[in-house]
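Engineer: Chains A and B, in that order, give the protein sequences. Per numbering that gives the first Met the number 0, the very first residue in the first sequence carries number 0; after that it's consecutive. Per numbering that gives the first Met the number 0, the very first residue in the second sequence carries number 0; after that it's consecutive.
Everything labelled a hint here was simulated from the structure, so no lab data went into it. If you're wondering where the values come from, they're calculated on a predicted model, not measured in any experiment. You can take every hint at face value.
Straight-line alpha carbon distances no greater than 25 Å define the calculated SDA-like cross-link-like pairs of lysine to any residue that follow:
| hint | chain 1 | residue 1 | chain 2 | residue 2 |
| --- | --- | --- | --- | --- |
| 1 | A | K266 | A | V19 |
| 2 | A | K47 | B | E263 |
| 3 | B | K13 | A | P205 |
| 4 | B | K19 | A | E244 |
| 5 | A | K200 | A | I231 |
| 6 | A | K367 | A | Q295 |
| 7 | B | K50 | A | Q207 |
| 8 | A | K46 | B | E279 |
| 9 | A | K204 | B | E47 |
| 10 | B | K276 | A | E35 |
| 11 | B | K273 | A | Q53 |
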Amino acid sequence: MEDRFAIMTGNEACVRGAVVAGMNFFAGYPITPATEIAEIASALLPKKDGKFMQMEDEIASIAAVIGASFAGAKAMTATSGPGISLMQENLGFAIIAEVPIVIVDVMRQGPCQGVATAPAQGDFMQTKWGTHGDHPVIALAPASVGEVYVETIRAFNLAEKYRTPVHILSDAMLAHMSERVRIPEAKEYEIVNRKTPTCAKNDYKPYQDDGTGVPPMAKFGDGYKWYVSGIIHDETGFPVTNEPEQIGLQIRRLLSKVENNRGDIEKYEEYRTEDAEILLSAVGMVSRSAKAAIDQARNEGIRVGLLRPITLWPFPERRLAELAGQVRTIVTCEMNEGQLFHMVRESAGGTNVRRVTQNNGKIISAQKILTTIRELQTND
Amino acid sequence: MTERTERKEHIFDKYLRQDKLPHIWCPGCGNGTVVNALLHAIDKTGLEQDKIVLVAGIGCSSRANGYMNFCGMHTNHGRALAYATGVKMHNPELKVIVLTGDGDCTSIGGNHFIHACRRNIDITTVVFNNANYGMTGGQYSPTTPVNARTKTSVYGNIEPNFDICSLAATSGATYVARSTIANATMMVSQFEKALNHRGFSVVEAICDCPTLFGRINKLGDAVAMLADKKTRFITAAQAKNMTPDELSGKIITGEFVNRTNLPEYTEQYDVLIKNAKEEE
Ligand SMILES: Cc1ncc(C[n+]2csc(CCOP(=O)(O)OP(=O)(O)O)c2C)c(N)n1
Ligand code: SF4
Chain A
0 MEDRFAIMTG NEACVRGAVV AGMNFFAGYP ITPATEIAEI ASALLPKKDG KFMQMEDEIA
60 SIAAVIGASF AGAKAMTATS GPGISLMQEN LGFAIIAEVP IVIVDVMRQG PCQGVATAPA
120 QGDFMQTKWG THGDHPVIAL APASVGEVYV ETIRAFNLAE KYRTPVHILS DAMLAHMSER
180 VRIPEAKEYE IVNRKTPTCA KNDYKPYQDD GTGVPPMAKF GDGYKWYVSG IIHDETGFPV
240 TNEPEQIGLQ IRRLLSKVEN NRGDIEKYEE YRTEDAEILL SAVGMVSRSA KAAIDQARNE
300 GIRVGLLRPI TLWPFPERRL AELAGQVRTI VTCEMNEGQL FHMVRESAGG TNVRRVTQNN
360 GKIISAQKIL TTIRELQTND
Chain B
0 MTERTERKEH IFDKYLRQDK LPHIWCPGCG NGTVVNALLH AIDKTGLEQD KIVLVAGIGC
60 SSRANGYMNF CGMHTNHGRA LAYATGVKMH NPELKVIVLT GDGDCTSIGG NHFIHACRRN
120 IDITTVVFNN ANYGMTGGQY SPTTPVNART KTSVYGNIEP NFDICSLAAT SGATYVARST
180 IANATMMVSQ FEKALNHRGF SVVEAICDCP TLFGRINKLG DAVAMLADKK TRFITAAQAK
240 NMTPDELSGK IITGEFVNRT NLPEYTEQYD VLIKNAKEEE
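Please build the complete structure, drawing on both the sequences and the hints.
Structural biologist: Spelled out as structure tokens, the structure:
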């Protein structure tokens, strides 16, 4: 069979990928540059017996998405800066109640209202630490429209598999630009559905580890009468505020769901790293400028490569540490003040880490990165 | 030897999670009466236990669903209705009930409340109105009467209060009623009607927080507060012929809205799906 191609924007690819993954509920509130995701979902979902709701705000949007997931839905919401900030409290509920949902954050220039139409990468750390308390995080950061499509499918799969919210980090440019996308055939991806309980109706403990670290999840209405509190709970879902041992145990298991499965969750791309002496690290759209800079630098005889985390969280620490042992210098390229830089420095051992940052709503150019590479070549 | 007669199954055996008792509420707290009334109403409706979902926010009253043997979610402060909306939308066959306090519902959750009313989605909302924030130790809420004292209105409350039923009615709820724990029979029948109603229903259950609101306002113990309520509740019909002076201090109970002819949200969505499929 011949490959199928289509031209679409990043936001459209996100919805199309989500539908392929089985999304049947979407709730959101309009915000640039994520709005088209809601618009397209509102048009597509009803045709497939799915449902779309425009809620009164982003707080309600993520809440409705969580509620729908409890009833068995594959549910998603999409927003940007101000909206993602509003979602943080309920995101915590999704984490602690272990609810599979997908949250798309189409990053725009911050802080506050920032610049609605300008791309940015200021939400890396908010994705990781935004909701209070320590918690597991999965965040995927695609770099092309085609990758938005497949990573959205993967986001749903990871959410279902690990019973946890999964973020997709897009940005204003990726969201609105059109690219030719190869539509993968069904046999190229798997569709994961959450594990459901098989025990007797009265024996179900919704937060009991079945040995995999991820308890099976019943859906409301299927005969398992279960309850969950957003307060730290034991394996029955009921609060355990006076038992430090239980509290510690439950938080450990939450964190271990991601920590113990890094091999399955982590995904990254390497570009021309085999013999690299300088390593660039960049996420999302900026990696495209980084690749162009690498090609040019190599023409000039400078051996540069790229490590691009596709899974931003959990960060591919181990691979970065290995490459840090090989190269002389690592340079993060990012559209913020150095959120990736701090992460990379943590895993880089003694290797020198520099940063190329740009925080003005424009994608960093290949030229700017190249200039830094040349400086490093002559000075280091 | 006399044979012991088998004890008949009480509805509490069926509907309360016995293993989660005793509850955390203070002696004399009004919340128990509301739960009791709700369980009796649920029993009367004959609704299938497995198909009922209780969603609560945060507060003393929002702990109620932990003691009740149904599917339940204890969510975030003020957000129960938004969570419940998602549950109901994905599976309209579920009977979704929201348990919320006056602060939870009309302060931090006020926006969700008016929008849920407006959509007329088939959810029953039980507002436990004890006129203060119990859980955090008795601060004033949007329903604390003017001049009443609370931990954050020690010189008397100067903020005019919400009338929850009027708020619900003007926002579009299609069943709206109020009763007090001093008349639990009325409360049971309102809950029953609300549960059988197709659309967004609100029952404001006026209850007491003797520990905080009662003590700081010198209203006596739980029994005294209950006795006082008995003298103050009147029906909507009685209220009609009373002057504002006569009405002062009275609690008007009864049904304020009961409209059965308006479209319900999830049913409307089914029509939307049908239309979407027909359109090319
Ligand atoms: C976002 C947030 N703000 C504040 C609180 C603290 N808090 C917990 S319960 C509560 C008030 C509860 O009052 P009400 O809803 O009237 O219920 P009651 O306890 O009186 O039954 C507050 C302010 C919280 N948990 N979350
Ligand atoms: S503080 Fe008030 S509302 Fe809370 S349990 Fe005690 S009496 Fe009830």
